[in-house]
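Going down the list, the protein sequences come from chains A and B. To convert, note that position 288 of the first sequence is 298 in my numbering; the numbers rise steadily by one, no gaps. To convert, note that position 273 of the second sequence is 283 in my numbering; the numbers rise steadily by one, no gaps.
Everything labelled a hint here was simulated from the structure, so no lab data went into it. Among these hints, one or two may not hold up.
You can't tell identical chains apart in this list, so a pair holds if it fits in one copy or across any two.
Said to hold, decoys possible - Calculated lysine-lysine pairs in the DSSO-like style (CA-CA distance at most 30 Å, straight line):
id, residue 1, residue 2
1, K365, K92
2, K424, K33
3, K434, K424
4, K365, K40
From a predicted model like this one, the values you see are computed outputs, not experimental measurements.
Protein chains: 2
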Amino acid sequence: MNLDYLFNPESIALIGAAHTEEKLGGVILKNLLRFRGTVYPVNPNYNELMGLKAFRSVQEIPGFVDLCIIMRPANEVNAIFKELKGKTGCAIVVSSGFSEIGNTGPQDELKRLGREANIRILGPNCMGLFNPHKNLDTFFLPHERLRRPGKGNTAIVSQSGAILSCLLGAMQSSNIGVSKAVTYGNAIDIDESDLYEYLAGDAQTDVVISYIESVGDGRRFIEKAKKLSGKKSLIILKSGKSQSGQSAAFSHTGRLAGRYEVFSSIIRQSGISEASDLDELTDSAKALSYQRPFKGNRVLIITNGGGSGVLAADECMRQGLEVAELPDEKREKLKKAFPYFYGIHNPLDLTGQVKDEDYITALDELTDAYDGFMVIALPNVIGITERFPALMKNFRMRTDKPVVSYMAQSGITKKLTVLLERSKIPVFSSPERAVRALRTLLL
Amino acid sequence: MNLDYLFNPESIALIGAAHTEEKLGGVILKNLLRFRGTVYPVNPNYNELMGLKAFRSVQEIPGFVDLCIIMRPANEVNAIFKELKGKTGCAIVVSSGFSEIGNTGPQDELKRLGREANIRILGPNCMGLFNPHKNLDTFFLPHERLRRPGKGNTAIVSQSGAILSCLLGAMQSSNIGVSKAVTYGNAIDIDESDLYEYLAGDAQTDVVISYIESVGDGRRFIEKAKKLSGKKSLIILKSGKSQSGQSAAFSHTGRLAGRYEVFSSIIRQSGISEASDLDELTDSAKALSYQRPFKGNRVLIITNGGGSGVLAADECMRQGLEVAELPDEKREKLKKAFPYFYGIHNPLDLTGQVKDEDYITALDELTDAYDGFMVIALPNVIGITERFPALMKNFRMRTDKPVVSYMAQSGITKKLTVLLERSKIPVFSSPERAVRALRTLLL
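Turn these sequences into a full structure, and let the hints steer you where they fit.
Below is the structure:
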């Protein structure tokens with residue numbers, strides 16, 4: 011089952027292209043202007059749209075079109091789709107107004123038409139996809155509104171277009187690069203299982219995060235999810251956990267959410283990771299896209315603020331991570347190396363009088379004694395400077411064990427974060443979030 | 011027990027003042043230059059420091075000094091303190107190196123000296139306080155590193171200076187104003203109970219957030235916390251929940267953390283709110299400082315992204331909030347008012363084709379039917395504009411029920427957030443965090 015017409019088309023037709031960005035069909039066309047391939051705007055009222063020759067219908071386009079995007083009201087979609095037979099390999103139906111509002115008849119008909127014509131369908135009620143490697147972007151979201159993340163190793167598979175857009179925004183601001191991002195809405199044909207299968211074989215993807223409201227074929231879903239998570243990192247966020255969430259999920263995409271407890275226990279048994287909320291999904295993606303997992307659960311916490319170290323230790327406990335005391339011999343050594351008022355335990359408290367190099371002195375001494383490192387730097391004291399990320403970068407090159415960081419907000423936090431993240435040390439905005447991310451890299 | 015020497019001094023001596031911001035004693039002096047009162051730098055090696063006349067010792071300062079700050083190594087502190095007898099009403103001992111590193115003898119001696127001289131002591135091992143109403147700021151954190159929040163109605167009481175600095179950073183960037191912020195470290199004299207008592211009577215404070223690692227006198231703590239939370243909003247974050255967290259807390263301030271379960275159950279029985287982590291503490295403060303609580307648990311979720319609505323509904327369930335379906339009559343009315351593809355349920359899905367005024371149409375129709383409102387605006391679609399916060403501001407003036415918002419990251423999110431928060435509608439960075447904050451305003 012090849013989804014190359016979807017992910018790597020050479021040519022695209024946009025049915026419902028508009029001349030202005032005040033219409034969603036105009037926003038999509040604008041975004042398609044960046045595409046590295048041929049774009050055919052389709053709109054019977056124009057000869058030209060945004061500098062491209064416009065076509066009255068798909069039939070008028072010469073030759074085969076790899077991918078067609080339909081952005082017209084629901085009641086026109088099936089008639090339009092009938093014209094695609096033999097003309098295209100895949101259609102993205104952006105239009106909403108199908109089973110999610112109880113309009114199941116036309117949706118079933120669309121499904122039948124797709125099978126008959128041998129055309130794969132993504133949607134309806136979806137935003138399509140983003141493939142930065144081809145500058146392919148079918149979203150009806152202007153770039154001024156949603157800056158796209160750069161290229162990277164993380165794929166997003168989201169039933170909801172809204173969640174996809176939230177995740178893209180979070181990834182952009184968290185310096186996480188994207189390999190592919192795709193939404194599938196009501197999933198009458200292409201669903202999460204197809205997409206998992208495709209991404210399992212996608213060389214550009216190492217990490218997959220997936221937002222699911224409902225699953226069509228449960229058995230197939232588990233099979234494909236297991237296969238994918240055997241090869242790559244897969245983290246799933248399942249919504250529709252509550253009854254109101256379930257009915258909301260139903261009215262959102264018209265598929266039943268099913269009992270969450272059943273879903274969750276099967277997922278867990280299959281060894282697939284589950285995120286508990288949106289922040290955890292992004293944070294896990296960040297950790298896993300930056301670093302490789304390591305087997306073990308002994309964590310060293312280094313901090314320049316006692317309280318932050320205590321909160322991190324608490325979260326380690328909740329996450330099943332062990333904050334073991336320093337080996338005696340190391341303690342003695344560090345006691346000699348550091349001022350008398352430093353707290354030479356785990357958490358290791360370098361206090362507000364810290365100097366950048368203290369972190370490295372401690373980390374170098376203790377690299378072998380622990381499996382993962384939680385580095386807390388509160389850069390509102392004068393002892394933390396721009397040398398800190400440079401020193402951490404060098405340390406990072408000496409170990410393949412996971413290292414995450416929490417930095418409080420300060421005048422230099424943004425600058426230090428960018429530098430640390432360039433060296434693939436992920437920085438999080440609270441001690442608890444950093445520990446939860448570290449846990450995805452351990453155990 | 012009056013803490014006015016601490017919170018509202020007219021004169022301050024800084025023992026251990028330095029000439030350069032490369033030393034902590036220099037940073038503190040620099041920050042004290044903003045103080046609306048008299049500042050006496052004490053350092054035997056200088057005649058003048060940062061433009062102020064310097065004194066060789068406290069004894070040389072003419073007259074009584076309301077507040078003395080001691081920023082000298084631990085082994086000098088007690089000798090210095092002896093000179094303060096009759097000279098001052100309160101001392102902040104910033105120095106660390108006492109019981110938190112096992113150095114209990116000198117700490118006990120300091121405590122005895124304080125009682126004997128009738129001088130209240132804050133610390134040792136603390137950062138002192140911030141009172142924006144007097145431009146009083148004893149922190150050794152430069153303003154370039156930590157921008158202080160503006161004046162407001164929220165007080166911070168934190169055992170840890172590091173956590174205080176994290177909270178101040180978070181509050182500054184969340185547009186939460188501060189009435190007082192104070193750290194008390196090893197708490198040999200002034201402790202959380204004293205501070206709660208003071209703040210219960212402080213006219214500038216409506217909300218108190220408190221970070222606690224350990225409690226000295228448990229009975230008194232509960233009494234004062236109950237009294238405070240009867241008058242104002244009090245939210246406590248207790249750390250030292252894990253065994254490693256407990257020993258970390260001990261080595262941080264030298265007080266025993268005690269069994270967390272016991273603490274938590276007493277707190278709950280006393281009707282005091284507890285936050286589970288740092289983010290929740292800040293988010294609760296934001297909600298409570300912006301709006302008044304309302305009795306009820308029926309929540310309306312309005313969204314322009316189905317998936318985000320489903321996640322919010324899930325979190326409502328986890329928080330014990332009810333996402334009840336719209337009243338039939340209201341549903342019929344809204345179905346007529348809105349396009350056919352909108353999802354007229356709860357969550358109410360205005361889809362990616364939303365217009366700003368749709369939110370108000372729905373809110374006005376449903377204000378009476380619900381107790382609290384969760385407004386999700388994903389501003390990466392073109393239908394959300396700068397009119398949105400203006401319309402929401404008007405709605406806010408028509409109701410006293412809680413309204414919170416979640417906005418995804420987009421090109422205009424920052425701008426819209428500032429405008430919404432000026433109208434006292436708090437904006438959060440994930441649907442789950444927004445719902446958790448709404449919960450603190452309901453029930």
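Intra- versus inter-copy proximity for K40 and K365 (alpha-carbon distance at most 30 Å): This pair counts as between: shortest inter-copy Cα distance 21 Å, intra-copy 51 Å.
Alpha-carbon proximity context of K424 and K33, limit 30 Å: between (36 Å within a copy, 24 Å between copies)
30 Å Cα threshold - placement of K424 relative to K434: Classified as both; 15 Å inside a copy, 27 Å across copies.
Up to 30 Å CA-CA - K92 versus K365, copy category: neither (69 Å within a copy, 32 Å between copies)
Checked against the numbered hints above, the structure breaks only hint 1 and satisfies the rest.
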